[in-house]
Amino acid sequence: MAEPLLELRGLNKSFGGLRVTENVSLTLEAGEIHALIGPNGAGKTTLIQQISGALAPDSGEIRFLGEDVTRLSMARRARRGLARSFQITSVIPSFSALENAALAVQARSGSSFRFFRPAAREAALNEAAMAALEEVGLAPRAHLPAAALSHGERRQLELAIALAMRPRALLLDEPLAGTGPEEAERLIRILRGLGARYGILLVEHDMRAVFALAQRVSVLAQGRVIATGSPAGIRADPVVRAAYLGEEEGEG
Amino acid sequence: MTATLLLVQVLNGLQFGILLFLVAAGLTLVFGVMDFINLAHGVQYMIGAYLGATLAALTGSFWFGLLLALPAALVFGLLLEVLVFRHFYERDHLSQVLATFGVILVLNQGVKAVFGAAPMQMPLPEALSGGVRIMEGLLYPSYRLAILAAGLVTAGLLWFLVERTKLGMLVRAGASNAPMLSALGVDVRRLFMMVFGFGAMLAGFAGAMAAPILSVEPGMGDNLLILAFVVIVIGGIGSIRGAFLAALIVGLVETIGRSMMPDLMRLFLDPSAARQTGAALASMLIYIVMAAILAFRPAGLFPVRT
Amino acid sequence: MTWRDAALPAGVFAALALAPFLGFGQSHSLTLLARAMIFAMAAISLMLLVGGAGLVSLGHAAMMGVGAYAVVVLDHARITEAWAVLPAGVGATALFALATGAIAIRTSGVHFIMITLAFGQMAFFTASSLALFGGDDGYTLYGRTEIFGARLLEDRLAFHFACLFCLVAAWALVRALLASRFGRVLRAARENETRVRALGLEPYPYRLAAYVIAGAIGGLAGVLLANATEFVAPAYLAWQRSGDLLFMVILGGLAGPHGALLGALAFVLVEEWLATLTEHWRLIFGPLLILCVLFLRGGIAGLLGRG
Ligand SMILES: Nc1ncnc2c1ncn2[C@@H]1O[C@H](COP(=O)(O)OP(=O)(O)OP(=O)(O)O)[C@@H](O)[C@H]1O
Ligand SMILES: [Mg+2]
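Just so you know, the sequences run in chain order A, B and C. Residue numbering for the first sequence follows the numbering used here, beginning at 57 and increasing consecutively. Residue numbering for the second sequence follows the numbering used here, beginning at 3 and increasing consecutively. Residue numbering for the third sequence follows the numbering used here, beginning at 2 and increasing consecutively.
It is worth saying that the hints were derived from the structure and are not from the lab.
Per label pair, the in silico range of CB-to-CB distance:
| # | chain 1 | residue 1 | chain 2 | residue 2 | range |
| --- | --- | --- | --- | --- | --- |
| 1 | A | G249 | C | G110 | 39 to 45 angstroms |
| 2 | A | G285 | C | A100 | 55 to 61 angstroms |
| 3 | C | F166 | A | F172 | 17 to 23 angstroms |
| 4 | B | E165 | A | D124 | 42 to 48 angstroms |
| 5 | A | A268 | B | M182 | 36 to 42 angstroms |
| 6 | C | F22 | A | R170 | 37 to 43 angstroms |
| 7 | B | E165 | A | A268 | 53 to 59 angstroms |
| 8 | B | E165 | C | R298 | 36 to 42 angstroms |
| 9 | C | R298 | A | G285 | 53 to 59 angstroms |
| 10 | B | E92 | C | Y205 | 27 to 33 angstroms |
Virtual Cβ for every residue (Gly too), placed ideally from N, Cα, C.
Just need the whole structure built from these sequences, with the hints factored in.
Set out below in structure tokens:
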């Protein structure tokens, strides 16, 4: 079998005495949506940060496209095709939506050490950026500054930026967080369309989305992967129900 | 270079380092707790020197002058805080730099307008005007030794205050995480005013103590301020321990470098060239040391914030 | 980009070009205007750092100083030809900026402010210790820089237009840089560094390049300043001068290089005017500065932009 797109081998990380990642191994295949769920504070964001390169693991290995990337900087990993969205929206506030996406296109196409030509007039950048915005349905708002967008729209922009990078794998940290039901519906539709093209590691609390989208689900609790399997299998797993789904269903 | 001369330079360096520490201590705490960059901290040192010299002349006694200069410097610092600084806490560092720069312009000029541009003298106290025989053939001025001792005692008190008292605990907590402190219901504003006033007083104390051995003149705080910045950058912003160690390093490197560099250069160059390059190198030395330390520890020797 | 970004500076440049013929042709006025234009150039280069890259440098006067001392060193060796002086001044400053920037840019925020201040001070004390070039007292040039051996710049009007030419070039360059791909990375990294990294761009080389470019423009301003006064002293590198430059940038507003242009011109003219009123003009200037920072948030450009 060919190597998976992304593979974590025995990752460990602690903050002081607190172990937030404990011997985590998992894989992400091309064309797959792999959901990562778990209660608050389970260590999902911390794991995404280690994969993207924002945090260094204490031990273990991260392999991407068949190569060890554990020691590479965040920027290097991004250039190899690892894109992430942030749990807390992270865009350039004063840039327009279009320019936010155009910056992502610029980052992967040619040198950014170009000093004289106005970047805003580079048709190639703008076209690719606009295509990404269209994909998430943000094209009509392309010329508004990101700061003026609604929260849901900024989540969409966050996704558009990740798409504009033309990545091989997407790490999405709660893309639906804080969006209204209609916006969530729309984002789920978009994500389903993307799933076939990229490998997506999806961190999400919205169980509806998880079970609608994911081919595989892993459950993280107190830093450890306690189960991995098909959505149906996970739903039925008594260990998972005890650790996680029980409280979730009790609420809803 | 004889051993005696080296010893003198070491003592001078330590004494300069202690003065630097007194100025840097307030600066580093103000940074730490309030994230406020105060270029005008150096003028507080100058104001201390002027207050000391003036009050000593008025009362006819060095000791009264020094004693009265402390509360006067405190009041002056708090006045500046109320008039100017507190309006800039919420602003970015750039605005703070400029506003406090404006304060420097005014105070340097104000001092010139009131006292004239010529340096002022503050006489040495009678009891300390002599020297102490440290070793054969070495008579070291007792006043300089007194500065060293007073500085060390103050540093010790400060350490006790910051490390061992409840107030100090709050200050340290503020330096590592100020939002957390206000979330816990501590009145950060008031805490800061206290830190600020205290820092101003320390700087004023340093100025008043240095007044008899330096010329008291407009702008005298500016260069010291920049060295104090170097000190807190090397030491790690917000760290008293770091400031102390870094102040001694800077004081020693600065003093010994200046006296030894030209001699050192004479090993390689002819005397006049040695004097020139030695002097130039000596003036760069402290910044080279800073760059070297930061190259390995970008957050300074004792980083407070994680 | 609004029309003001181009029209406003175009008006200012036109006024500067016409000034000598509209009653500001006496030597005193021309000296003042040259000074204003030179500082405007330095302020524009600083604007690239502060407004573009978010790097608040408190050591920018050192850039002007290195450029000015390059003129001194060559003058001492009796080299006054522009084709030697200009590359030397600009190149020396770029090198200085590269060496200090490589360390300073590893840090950020308050650390960056203090480290640039410290490096500026290092340059200042080094200049003071150069007894060969007058030490603290400074150095008087034998003459202004020559162009192909011709003493063109001795003519006040010619010098006026040389300064204006360099100023326009610096403005156009910084404006183009900010709008380019390069400038876009700088501006983005100023607002959200993590985002830029996550896109695959490491801000460091871009910031360092900006620091070197700004330094080089500052160095050119220094070369011109040395020529304007035919005298160079360590005071050119004093940290207060760096503070002045920073104030010019803020006074004008951070919206674009035209802000720094307006700020510098206003600064130099107001300073000159106040100095004719009283010897203690700083007592007025200081509070004025504080009030401007407190209340004039968008700077002069912001005021004009609103009207
Ligand atoms: N920089 C840090 N220093 C210390 N502890 C941290 C740090 N970052 C996260 N933690 C702790 O690590 C644990 C895991 O946090 P993480 O943000 O990864 O959880 P999460 O699964 O993403 O939670 P949520 O669902 O709320 O987003 C938490 O207990 C958190 O408090
Ligand atoms: Mg999380």
